[in-house]
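Letter by letter, the chains look like this.
There are 2 protein chains.
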Amino acid sequence: MTTARRDTYTPETLLSVAVQVFNERGYDGTSMEHLSKAAGISKSSIYHHVAGKEELLQRAVSRALDELFAVLEEPGALRGRAVARVEYVTRRTVEVLVAELPYVTLLLRVRGNTRTERWALERRREFDHQVAELLKAAAADGDLRADMDIRLATRLLFGMVNSLVEWYRPHPGTTPDQLADAVVSMALDGLRTKS
Amino acid sequence: MTTARRDTYTPETLLSVAVQVFNERGYDGTSMEHLSKAAGISKSSIYHHVAGKEELLQRAVSRALDELFAVLEEPGALRGRAVARVEYVTRRTVEVLVAELPYVTLLLRVRGNTRTERWALERRREFDHQVAELLKAAAADGDLRADMDIRLATRLLFGMVNSLVEWYRPHPGTTPDQLADAVVSMALDGLRTKS
Numbered sequence: 001m002t003t004a005r006r007d008t009y010t011p012e013t014l015l016s017v018a019v020q021v022f023n024e025r026g027y028d029g030t031s032m033e034h035l036s037k038a039a040g041i042s043k044s045s046i047y048h049h050v051a052g053k054e055e056l057l058q059r060a061v062s063r064a065l066d067e068l069f070a071v072l073e074e075p076g077a078l079r080g081r082a083v084a085r086v087e088y089v090t091r092r093t094v095e096v097l098v099a100e101l102p103y104v105t106l107l108l109r110v111r112g113n114t115r116t117e118r119w120a121l122e123r124r125r126e127f128d129h130q131v132a133e134l135l136k137a138a139a140a141d142g143d144l145r146a147d148m149d150i151r152l153a154t155r156l157l158f159g160m161v162n163s164l165v166e167w168y169r170p171h172p173g174t175t176p177d178q179l180a181d182a183v184v185s186m187a188l189d190g191l192r193t194k195s
Numbered sequence: 001m002t003t004a005r006r007d008t009y010t011p012e013t014l015l016s017v018a019v020q021v022f023n024e025r026g027y028d029g030t031s032m033e034h035l036s037k038a039a040g041i042s043k044s045s046i047y048h049h050v051a052g053k054e055e056l057l058q059r060a061v062s063r064a065l066d067e068l069f070a071v072l073e074e075p076g077a078l079r080g081r082a083v084a085r086v087e088y089v090t091r092r093t094v095e096v097l098v099a100e101l102p103y104v105t106l107l108l109r110v111r112g113n114t115r116t117e118r119w120a121l122e123r124r125r126e127f128d129h130q131v132a133e134l135l136k137a138a139a140a141d142g143d144l145r146a147d148m149d150i151r152l153a154t155r156l157l158f159g160m161v162n163s164l165v166e167w168y169r170p171h172p173g174t175t176p177d178q179l180a181d182a183v184v185s186m187a188l189d190g191l192r193t194k195s
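Residue numbers (the UniProt record's numbering), protein chains in the order written: chain A, 1 to 195; chain B, 1 to 195.
Simulated from the structure, these hints should not be mistaken for lab results.
Treat the hints with care, as some may be off.
Where chains are identical, the list cannot tell them apart; a pair therefore holds if satisfied intra-copy or between any two copies.
Dumping the calculated EDC-like pairs for lysine to aspartate or glutamate here, alpha-carbon to alpha-carbon at most 16 Å [as the list claims (entries may be wrong)]: (1) K43 / E55; (2) K53 / E24; (3) K194 / D147; (4) K136 / D147; (5) K194 / E122; (6) K136 / D149; (7) K53 / D28; (8) K136 / E73; (9) K53 / E12; (10) K53 / E117.
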């Protein structure tokens, strides 16, 4: 039996509230009590939808990870010169970050204290690894500089991209497209004027 | 009157323990009890040194901020072409991050719930602003690309630099110097081979 109040909640809206609370208080600092207050429903109503807060975390980071891994299966990531694929994946990663901002923010703040967090970290490493392989292929083609350590370059690239979750807020000044242009342009060609 | 145990503690060693605990548990999630356990001294012994955990936070982020602002007063940041000063400040910022890793990590994770945190955020913004001014001067000299929004470029640059606190661990493979080279090289010249 459900109440009218509970009926307005779908697993999707509960997830969206949970992600917001996790990002504000940190996952460790969030109790079922906090989630219940933020969602405006009782704890038992939450348990009607999910087994506990770890399930909410798992669903939230899965959403971010699924979107990120889907990019690697898109034609632009699979076909063409490796350097063009690096550019494509960088651009699409920025777009996913912007489109799924709270979910990716949560994913990037995961620290690894629970099974779900360790799994999420492992999936992030796998994503980074696949992009690093693309960079390696582009370097082998002679399209990326040979004097850069690829592992380091990949980390700096993701450092730049992932920082978006800390400072990017949607506003009319910078569209996701302009943001993606700026990231790709800085990462691949740098800020300095070509002489 | 002091005990032998307490005597081994200087404000400096207490600070170092506190920063480690803040970084592990988050500042909000750290109680005086946690600090007391980690330091192996009683809470009253801690109160002998500091008024409370906010004073420890304030000392810790001040240490990071002082080192960062000191860079802007060094000759390399004050003299020469603006683009060379951008390069110098970027390199030295990386060096400060590596040398003061736990302190800068704490500074970068500050979220702004207390007076000290809001002050630290304000100082960080001031630092970013001063570097943005340097980038602006370099763009005006024609040494940085005119098609990049300087505010955005500054954020991406710091995104890349600041990400170090999340993944850099000292090891023989990458010296701070090589790390600084890689950051400067990627930010200013990009990863792509020049054609």
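Should K53 paired with E117 be assigned to within, between, both, or neither, using CA atoms and 16 Å as the limit? Cα proximity of K53 and E117: one copy only (12 Å, versus 28 Å across).
Quick one: K194 to D147, C-alpha cut-off 16 Å, is that within a copy, between copies, both, or neither? Classified as between: cross-chain Cα gap 13 Å, same-chain 18 Å, threshold 16 Å.
As a check of your reading, is K53 near E12 (CA-CA no more than 16 Å) within one copy, between copies, both or neither? within (14 Å within a copy, 39 Å between copies)
Check K136 against D147 for me: Cα-Cα at most 16 Å, and say if that holds within a copy, between copies, both or neither. Within one copy, since 12 Å is at most 16 Å while 28 Å is not.
Within, between, both or neither: how does the pair K136, E73 come out at a Cα-Cα threshold of 16 Å? neither (18 Å within a copy, 39 Å between copies)
Homo-oligomer pair classification [D28, K53; C-alpha up to 16 Å]: For K53 and D28, the Cα distance is within 16 Å only inside one copy (10 Å; across copies 20 Å).
At most 16 Å between alpha carbons: which applies to K53 and E24, within, between, both or neither? Classified as within: same-chain Cα gap 15 Å, cross-chain 21 Å, threshold 16 Å.
Checking K136 and D149: alpha-carbon separation at most 16 Å within a copy, between copies, both or neither? within (9 Å within a copy, 30 Å between copies)
Given identical chains, is K43 near E55, meaning Cα to Cα at most 16 Å, within a copy, between copies, both, or neither? Only inside one copy: K43 and E55 sit 14 Å apart there, 37 Å across copies, limit 16 Å.
Under a CA distance limit of 16 Å, which applies to K194 and E122: within one copy, between copies, both, or neither? The answer is neither: 39 Å in one copy and 35 Å across copies each exceed 16 Å.
Of the hints listed earlier, those the structure fails to meet are numbers 5, 8, in rising order.
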